[in-house]
Amino acid sequence: MFPITAKSLTDQASKTGFLQRHFQSWLHKRLPPERSILLTSKNIFIFPSRAGFAFVFLFVLLWLVATNYENNLVFAITFLLSSLFIVSILYTFGNLSGLRISLVNSHPVFKGEDAGFELLVEKQNKRLYENIMLSWSGNPSVVVNLIEHEQKRITLHFPATRRGRMTPGRLLVETYYPLGLLRAWSWLDLDAAVLVYPQPVKAGPLPGKAGNAEQGDIVNLAGNDDFYGFRKYQPSESLNHVSWKHYAKGQGLLSKEYSETVMQCLWLDWDDFDGLGRESRLSRLCYWVLEAAKSKNEYGLRLPGIEISPGKGEQHRNKLLGELALFEWEKQS
Amino acid sequence: MSQVYQIPRNSLAWMLLAFVSVIAPHVLWLPLWITLAAALALFWRVQVYRGLWRFPPGWFKYLLAFVSVAGLYLGFDRYTGLEPMVALLIIGYSLKLLEMHTRRDALAVIYLAYFIAAAALLFEQTIPMAIYVTLSFILVSTALMGLNQSQGYRYPLSSLRITSKLVLQSLPLMLLLFLVMPRIGPLWQVPMQQTGSKTGVSDSMSPGDFNKLGKSGALAFRVTFKDNIPEQPGLYWRGLVFSKFDGRKWSQADPGDYFRNGRIVRWQGQARQPWESKIERRGEIVDYDIILEPTQQIWLYALATPVSEDPATGLTQDFNLVTKQPVQARLKYSVRSYLNHRTEAKGLPWWRFLDETQLPAEFNPESVSLARRWRREAGTDEAYIQRILTWINKEFVYTLEPPLLGENSVDEFLFTSKQGFCEHFASSFTVMMRAAGIPARVVVGYQGGELNPYQNYLLVHQFDAHAWTEVWLENRGWVRVDPTAAVAPERIRNGFQDYFAQEPGFSENTPLSLIRFRNINWINNFRLQWDRVNYGWHRWVLGYDQSLQTGLLTKLLGNTDPIRIIGVMILSSSLILLFIALWLLRNTGKKAASPGIRAYSQFCRKLKRLGITRETGETPMQYSRRVVALRPDLKNEVQRIAGLFEQVTYREETLHLKALVAAVKKFSPRKRPPAGI
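Here the protein sequences line up with chains A and B, keeping their order.
Be aware that the first sequence starts at 1, since it is given in my numbering, and climbs by one per residue.
Be aware that the second sequence starts at 1001, since it is given in my numbering, and climbs by one per residue.
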C-alpha cells in the first residue's frame, strides 16, 4: 500500500500566524515535497548548537587569559580551539550532505495507533555517516549510522490522533556529529501521508443476513477444499498453502486460497446506529467491517450519500475502511 | 516516557583518560592533598565505570570537597595567585567527575578539561610541554566526540583517529590566526605565578656563593647580536654593583645617599636625571637582544654601558639595567651598549668617595697593612694595581673547589689558602684597593658565553657567573680590573667551559645537563642543535609580539593596512577551508558497490571460469536456472547463493550478508562435472 500524497500540507498553515505562514511557504518553495530527497548544500541548514556557543565562550575566556598573561602558547591553544570549531562546520555539514532519504512505505492505521513510515536512508558515496537523527517534528528520533552499511531502512512512527488523511509533516533530519558544536539539519517534505481509519469500537453482533442466499456468492473460507485463487502470503499463514511453483518461478510467495460456497451478504449501515454522533457511528461501523472481514460473508457499506456494494477480500475491506476514514473527515473537530 | 540519559561509555573512557593527562602536568606544583583527592575521585569514577561501585554518597563528596579546600588553604599562602585559581578549577573538575549524570554535566567536565589543559601552558612553555598539551587536547576532543556518537564503542580508536585528523586540519588555520590576530596587550592586572626559587646571581656575595653557580650548567640567558659578536674577553655582562662590605659579605650600597643625585632608577619614559650626564658614551656601538631565563629578580644583564629603549626597563645610578617586575617568565629585551665610555670621570662627590672606600674596622688587618705599604712603595695607583695583579698571577691558584674561609676571609685567602674562585679574587682585590684609598667596588654578572655555531648566538650559562672589580681612577672614571684574568687568563680568553670542563665539579649541580658531555662530539652537536631549536621557539613563538607581527606583516603584505590584512586573512582562510572541504567531500557521487554485490560478482567470475558467463540483463534467478541446467551437480550451492543474494539486495536482510560472503568464498566448482551424473 502506497502512502497517499498530501498536497494540502501548507493549507494547515493558514491557521497559524503570518510569520509562520511566510516561513512555511518559503520552506515549501525551498524544500518542495518529493518522495526521495538528496541532501545537499541547497537544503542543509547549519548553526552552532548550545554546546557550540558554550565552546565559543570557552575560547573567549582563554583568549582573555592569553591576552592578560601575554602568553603566546595560550593564544595558540585559543586559536586551535577556534579553528577546530570552524573546521568542524565542514565535518558536520559533510555528515548530512550526500545522504539520500526516501519514503518507501507507510501503512494505514486505526486512530489511536502509531502510524509507521518506512524510510530508506542511503549514502551516495564511500564516506562514513554517524549519528544522523531522524524524527517527525515533536516525536522521538531514531538514530542512523551508515558505517558498515550503504543504506538502512528504518520505521519512524507518528501517533495517529485524527481520523482521515494524516500527514506527519516535515521530516527533521539532524546531526551534531562530530563534536556537537554545530547542528546541521534539514526539514524534508517527503510527501508522507497515511490513512487513519476510525478507532474501532465494539458494536454488538453483525446485522442480520440481508442478502439473497441463492445468488451463490463465493465466500473465502480458509481450510476448505475448493481451490479459489492466489493471494499474497501472510507471515502467519501455514506453509502448506504456499504455492512453491510460483516461488520457483521467482514470483514471490503466494498462498493458495480455498473456498466453500456460502451464500451470505451483509449491509453495514450508517442508520443502524441512530442517535449516535458521527465519530461514534464510524467507529462502530469500522468494528463491523473488521468483524465482517473475519467472517465468510460478503458485505457492503451504506453511508449518507455513499453506497458500496457488497464484496469481500482484503481490497474490499480496505476500500470500506478508507471510506470510513475519509467520511467528512475535514469536518471533525 | 522520559528516557534516562546515559553518557556514552566510550566518551566516558576517553574522559577518564583525558582527566589523567590534563592533571598530570599540574601535579608538580599542586599541594599533595589536592592531587590525592583528584586521584581518589578518578579511582572511584573508574570503579563506577567498571560497574563495581556505585556513585559515592553525598557525605563522601562533601569530605572530598573539604579535603581539597583544606589542601588549597594549607598549600598556598595567598589566594589570589595563579596557582590557587587553577587548583580550585582542578578541585571542581575532580568533584564534577563524581557528579556527572547528564549530557550537560559531561560537557562541563570536558570544557573544564580544555581549560585546565591550556592552563598548564601558563606554568611551562617548553616545546615538549606544547606538544604534550596538544596531545591532551586530542584526548579531550575525543571525549567530546564520543558524546556525539551512538556506536562509538564499536570503533573506539576511529574516534581518536578522526579527532586527530580534525586537530591536524585545524593547525593551518590556527597558524594563520596566530600570525595575524592582533595582540592588544593585557586588559587588566592578573595574578602571576607565585615566586619560584631565585636563580642566578643573587643580591649579595659571600665566599662560596659563586661556587654553586659554577657547578650549574643551567642556562642564564641567550644573546643575539645585530652585527658582530665582540671578542670573548670583552664580554662582561654587568648585573649588580656591590659597594658595601661587612668583612665577609658584599652587598649593594644603601640607597639613602644616592637620592642626592636624583632618582636612583630612571625608568624608560621618565625625564633624564642629572647623574646621567656623568656617562660619556662614544665610539663603538653594539646592538643585541637578550632572552633572559626567569630569575625572580629585577636586574638585567648588559655590557657596559647600556641603553635600552624597552618599556618597563630602567637605568640605575651605577649604570645597570633593571626591570619593574621580577623576571618570572623568560624576558626578551634589546640593548645598545657603548663599549667605549667613561663614567664619573670628572670626580666623585665626597660621600661617594667614602662609600667606595669603606671597609669594616678591625677586619682583615694583615691585608690592610700590606695594601698601605705597597701603595706607598708603588707611587701611582696604576703601578700599585699592576703589582697586586702580578702577585696574584704568580702565587695564587684559580679553582672550582676552594677551601672554606673563616672570619677574616680576605686575610686567610691572601696569606694562607691562596686558592679561590672569582669571588675570592674580586673581593680581596677590592679590599686591597680600598685599603690603599682607591675607590673600588665589586661587580657581579656573567663573563663570556658559548657561541652556538648553528645560529650565531651566545649561550650564557650559570657557570659563566663572574665577579670582578671596578676601580675609580682620576680622569678615567670607573675602570674594570679583573683579578681572575690575572690568575687564569685562559678562563677569560676561552671561557669557563674550556677551563673547567675536565674538573669533576663541572656542571655537578645539573647532572642532567648535556653540557657535561661536551667532549662527546655528537652529544654536544645535539645539545647545540636542540638549543638552537629552543632559541627559535623562544624568539619566534613565545616572543612573537606586536612588533614582530608588524614586521612580518609589513614584509609579507607591504603594509599593515587593516583592510588589507582582513582581506588577506579571509582569502587565505577560505583557501584552507576549501582544501579541507575538498578532501572531506572528495568522493561524493561515486557510489561504491555494496558488499553483497561485490560477493555476487565474485561468484559470477568463478562461474565465468567454467564457461558460463552471465549475460547482460539476465536476472540472478534466470542466471542460476541456466547454470543449474548446465551443471546440475552445482544445483544446491548455486541456488543457495542466488537465494541469499536475493535476500541481501532486495530485502536488505543484512543478516544474510555474512552467509552470502562465506558461501561465495567456499564456492569452488570443479572444471568438469564429476562422472556419473
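Honestly, the hints are just simulated from the structure, not real lab data.
Even glycine gets a Cβ: it sits at the ideal position worked out from N, Cα and C.
Hints may be right or wrong, so weigh each one.
What the hints assert, rightly or not - Each computed DSS-like pair below joins lysine-lysine, with the alpha-carbon atoms no more than 25 Å apart:
no., chain 1, residue 1, chain 2, residue 2
1, B, K1658, A, K152
2, B, K1658, A, K126
3, B, K1555, B, K1608
4, A, K126, B, K1665
5, B, K1608, A, K249
Unchecked claim - Stretch by stretch, here's where chain B covers chain A in the computed footprint (C-beta under 8 Å, at least three residues):
no., segment
6, 27-33
7, 48-61
8, 67-73
9, 78-86
10, 177-186
11, 290-304
Taken at face value, is the distance from the CA of K1665 (chain B) to the CA of K126 (chain A) at most 25 Å? Judged against 25 Å, a Cα distance of about 24 Å means the pair holds.
With a C-beta cutoff of 8 Å, work out whether three or more residues of the segment 290-304 of chain A approach chain B closely enough for the coverage to hold. Three-residue rule not met by the segment 290-304 of chain A, so violated; n is 0.
Quick check: do three or more residues in the segment 48-61 of chain A have a beta carbon closer than 8 Å to a beta carbon of chain B? holds (count 5)
Are there at least three residues in the segment 27-33 of chain A whose beta carbon sits under 8 Å from a beta carbon of chain B? violated (count 0)
Check whether the Cα positions of K1555 (chain B) and K1608 (chain B) lie no farther apart than 25 Å. violated, 68 Å
Please check whether the segment 177-186 of chain A has three or more residues whose CB lies within less than 8 Å of a CB on chain B. With 4 residues closer than 8 Å to chain B, the segment 177-186 of chain A meets the three-residue bar; holds.
Stated coverage of the segment 78-86 of chain A by chain B [criterion: 3+ residues, CB within 8 Å]: holds (count 8)
Distance restraint between K1658 (chain B) and K126 (chain A), which requires alpha-carbon spacing of 25 Å or less: Between K1658 (chain B) and K126 (chain A) the Cα gap is close to 20 Å, so the pair holds against 25 Å.
Need the status of pair K1658 (chain B), K152 (chain A): alpha-carbon distance at most 25 Å? holds, 17 Å
When you check the alpha-carbon spacing of K1608 (chain B) and K249 (chain A), does it fall within 25 Å? OK: K1608 (chain B) and K249 (chain A) at ~24 Å, within 25 Å.
At least three residues with a C-beta closer than 8 Å to a C-beta of chain B: is that true for the segment 67-73 of chain A? holds (count 7)
This entry does not satisfy hints 3, 6, 11, going by the numbered hints stated previously.
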